[in-house]
Amino acid sequence: NAGVTQTPKFRVLKTGQSMTLLCAQDMNHEYMYWYRQDPGMGLRLIHYSVGEGTTAKGEVPDGYNVSRLKKQNFLLGLESAAPSQTSVYFCASSETPWEQYFGPGTRLTVT
Amino acid sequence: DQQVKQNSPSLSVQEGRISILNCDYTNSMFDYFLWYKKYPAEGPTFLISISSIKDKNEDGRFTVFLNKSAKHLSLHIVPSQPGDSAVYFCAASGTGTYKYIFGTGTRLKVLA
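Chains G and R supply the protein sequences, listed in that same order.
Its first residue numbered 82, the first sequence is counted upward by one per residue in the numbering used here.
Its first residue numbered 98, the second sequence is counted upward by one per residue in the numbering used here.
Simulated from the structure, these hints should not be mistaken for lab results.
Possibly wrong hints are sitting among the right ones.
To be verified - List time: in silico DSS-like cross-link candidates among lysine-lysine, alpha-carbon distance up to 25 Å:
(1) LYS165(R) x LYS206(R)
(2) LYS196(R) x LYS152(G)
(3) LYS153(R) x LYS134(R)
(4) LYS102(R) x LYS206(R)
(5) LYS90(G) x LYS134(R)
(6) LYS102(R) x LYS134(R)
(7) LYS153(R) x LYS102(R)
(8) LYS102(R) x LYS138(G)
(9) LYS196(R) x LYS138(G)
(10) LYS90(G) x LYS102(R)
(11) LYS206(R) x LYS196(R)
(12) LYS153(R) x LYS165(R)
(13) LYS196(R) x LYS151(G)
(14) LYS135(R) x LYS102(R)
(15) LYS153(R) x LYS135(R)
(16) LYS151(R) x LYS102(R)
(17) LYS90(G) x LYS138(G)
(18) LYS168(R) x LYS196(R)
Kindly produce the complete structure, drawing on both the sequences and the hints.
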């Protein structure tokens with residue numbers, strides 16, 4: 082089992098560009114999450130999904146959109162990147178709302 | 098306003114001794130708590146959890162204590178090993194929500 086994988090691992094964007102981060106899990110988990118981690122701060126929840134076809138806002142959803150068309154995939158989109166979105170992005174999945182399995186992260190820099 | 102606080106950014110402990118990592122929370126509706134460990138360039142990995150109906154949960158070298166009246170939890174690692182050197186996050190959630198609030202983390206260094 083690969084667990085939770087994230088694509089890409091690194092990306093540099095210019096302000097105003099768009100991109101999609103892909104998260105895939107092979108554990109048949111219902112719940113999936115997108116977090117961002119910034120220096121000196123904990124992980125903050127951007128969006129989450131409680132099942133295929135569902136999405137909901139977390140703590141810091143502005144500037145991001147998500148989709149969960151297939152149970153195993155959770156996509157995070159940035160329509161118009163801003164420097165404030167420079168961060169490390171983590172995807173996670175879980176069988177229950179509790180113990181979450183995290184991917185290795187995507188380091189995004191917006192210049 | 099930070100609802101989950103880890104007031105010690107870093108902690109150094111000698112190998113074989115006890116490591117105690119602390120976490121405070123402000124929201125009395127939180128009733129499920131998790132600890133995660135994170136190595137550099139990796140995602141966090143789940144360590145141990147505790148629900149508000151318990152005051153202690155143990156898993157091998159790791160024990161989490163919950164003091165609901167003080168809104169405080171702690172993670173004890175005994176004995177500490179060099180491989181335990183990592184950043185530790187606590188996280189809290191309320192019943193019926195799927196949103197975890199994470200603390201800012203404590204960097205533990207275990208000295209050989």
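Cross-check of the supplied hints:
no. : hint                  : in the structure
1   : LYS165(R) x LYS206(R) : violated (28 Å)
2   : LYS196(R) x LYS152(G) : holds (19 Å)
3   : LYS153(R) x LYS134(R) : holds (19 Å)
4   : LYS102(R) x LYS206(R) : holds (20 Å)
5   : LYS90(G) x LYS134(R)  : holds (20 Å)
6   : LYS102(R) x LYS134(R) : holds (16 Å)
7   : LYS153(R) x LYS102(R) : holds (20 Å)
8   : LYS102(R) x LYS138(G) : holds (23 Å)
9   : LYS196(R) x LYS138(G) : holds (9 Å)
10  : LYS90(G) x LYS102(R)  : violated (29 Å)
11  : LYS206(R) x LYS196(R) : violated (29 Å)
12  : LYS153(R) x LYS165(R) : holds (11 Å)
13  : LYS196(R) x LYS151(G) : holds (21 Å)
14  : LYS135(R) x LYS102(R) : holds (17 Å)
15  : LYS153(R) x LYS135(R) : holds (23 Å)
16  : LYS151(R) x LYS102(R) : holds (21 Å)
17  : LYS90(G) x LYS138(G)  : holds (24 Å)
18  : LYS168(R) x LYS196(R) : holds (18 Å)
In this structure, the hints that do not hold are numbers 1, 10 and 11, in rising order.
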